[in-house]
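Chemist: Go ahead and model the full structure; you've got the sequences and the hints to work with.
Everything in the sequence shown is counted per the working numbering, starting at 691 for the first residue and increasing by one.
The hints are simulated quantities; they were obtained by calculation from the structure and are not laboratory data.
Be aware that a few hints might be false.
With beta-carbon atoms standing in for the labels, derived distance ranges [stated by the list, open to error]: (1) Arg-698 <-> Gly-744: 30 to 38 Å; (2) Phe-821 <-> Val-773: 32 to 40 Å; (3) Leu-745 <-> Ser-777: 16 to 24 Å; (4) Thr-804 <-> Glu-766: 14 to 22 Å; (5) Phe-819 <-> Gly-709: 15 to 23 Å; (6) Ala-741 <-> His-710: 13 to 21 Å; (7) Asp-695 <-> Gly-744: 21 to 29 Å; (8) Asp-801 <-> Gly-823: 27 to 35 Å; (9) Asp-695 <-> Ala-781: 30 to 38 Å; (10) Arg-808 <-> Ser-764: 14 to 22 Å; (11) Asp-813 <-> Thr-694: 30 to 38 Å.
Beta carbons: idealized from backbone N, C-alpha and C, even for Gly.
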Amino acid sequence: MPDTDLDRDLVQAALRVRGHAFAPFSRYAVGAAIYAGAGHPLFVGCNVENASYGLTVCAERNAVGAMVAAGVTSFEKIAVATVDGASPCGACRQVLVQFGEDAIVLLVSADEGTILDRYRVSDLLPEAFRFHGTP
Numbered sequence: 691m692p693d694t695d696l697d698r699d700l701v702q703a704a705l706r707v708r709g710h711a712f713a714p715f716s717r718y719a720v721g722a723a724i725y726a727g728a729g730h731p732l733f734v735g736c737n738v739e740n741a742s743y744g745l746t747v748c749a750e751r752n753a754v755g756a757m758v759a760a761g762v763t764s765f766e767k768i769a770v771a772t773v774d775g776a777s778p779c780g781a782c783r784q785v786l787v788q789f790g791e792d793a794i795v796l797l798v799s800a801d802e803g804t805i806l807d808r809y810r811v812s813d814l815l816p817e818a819f820r821f822h823g824t825p
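Modeler: This is the structure we're talking about:
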């Protein structure tokens, strides 16, 4: 069960956008919703598969892309909704570290609409690549 109104809103947004996933190959729909702080809308994304599997884009990265397209470059919390509460893939973990190393990840069961687990992004990828120069 979501702990706060924010958690509930994130879970509902992730579940809603999961319904728009384009997953004709895997049939594994994923939805993600990002909270970037007060004054920002929730940013959402779903997975978009491609016949050339390597070109598939995950829900988490699409949500981050929506956030960045709105001019926001950091976030505090992300909810990821899958049928089984799976955690983000390695590529998504790296992208999440880039924009929210200390953010919280909520893993959501799409069937139950409940939070199965929560992690700090940095705990999901403790040895993440970090650029130490000036981008």
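Chemist: Holds or violated: 14 to 22 Å for the Cβ distance of Thr-804 and Glu-766?
Modeler: Given a distance of about 21 Å, which is inside 14 to 22 Å, the answer is holds.
Chemist: Within 14 to 22 Å: is that where the Cβ-Cβ distance between Arg-808 and Ser-764 falls?
Modeler: holds (19 Å)
Chemist: Please check whether Leu-745 and Ser-777 have a Cβ separation lying inside 16 to 24 Å.
Modeler: holds (22 Å)
Chemist: Holds or violated: the 27 to 35 Å window for the beta-carbon distance between Asp-801 and Gly-823?
Modeler: violated (44 Å)
Chemist: With 15 to 23 Å as the target window, see if Phe-819 and Gly-709 comply at their CB atoms.
Modeler: Distance hint for Phe-819, Gly-709 is violated at roughly 33 Å.
Chemist: Indicate whether the distance between the beta carbons of Arg-698 and Gly-744 respects the range 30 to 38 Å.
Modeler: About 35 Å separates the Cβ atoms of Arg-698 and Gly-744, which means 30 to 38 Å holds.
Chemist: May I ask you to test the hint 32 to 40 Å on the CB atoms belonging to Phe-821 and Val-773?
Modeler: For Phe-821 and Val-773 the Cβ distance comes to about 35 Å; the hint holds.
Chemist: Between Asp-695 and Ala-781, does the C-beta distance stay in 30 to 38 Å?
Modeler: With Cβ atoms ~31 Å apart, the hint holds.
Chemist: Mind checking the hinted window 13 to 21 Å against the Cβ distance between Ala-741 and His-710?
Modeler: Hint holds: Cβ distance 19 Å, inside 13 to 21 Å.
Chemist: Take the C-beta atom of Asp-813 and the C-beta atom of Thr-694, compute their distance, and say whether it sits inside 30 to 38 Å.
Modeler: With a Cβ separation near 20 Å, Asp-813 and Thr-694 fall outside 30 to 38 Å, so the hint is violated.
Chemist: Quick one: are Asp-695 and Gly-744 within 21 to 29 Å, going by C-beta?
Modeler: The hint (21 to 29 Å, Cβ to Cβ) is violated, given that Asp-695 and Gly-744 are roughly 39 Å apart.
Taken one by one, the earlier hints fail for this structure at numbers 5, 7, 8 and 11, listed in ascending order.
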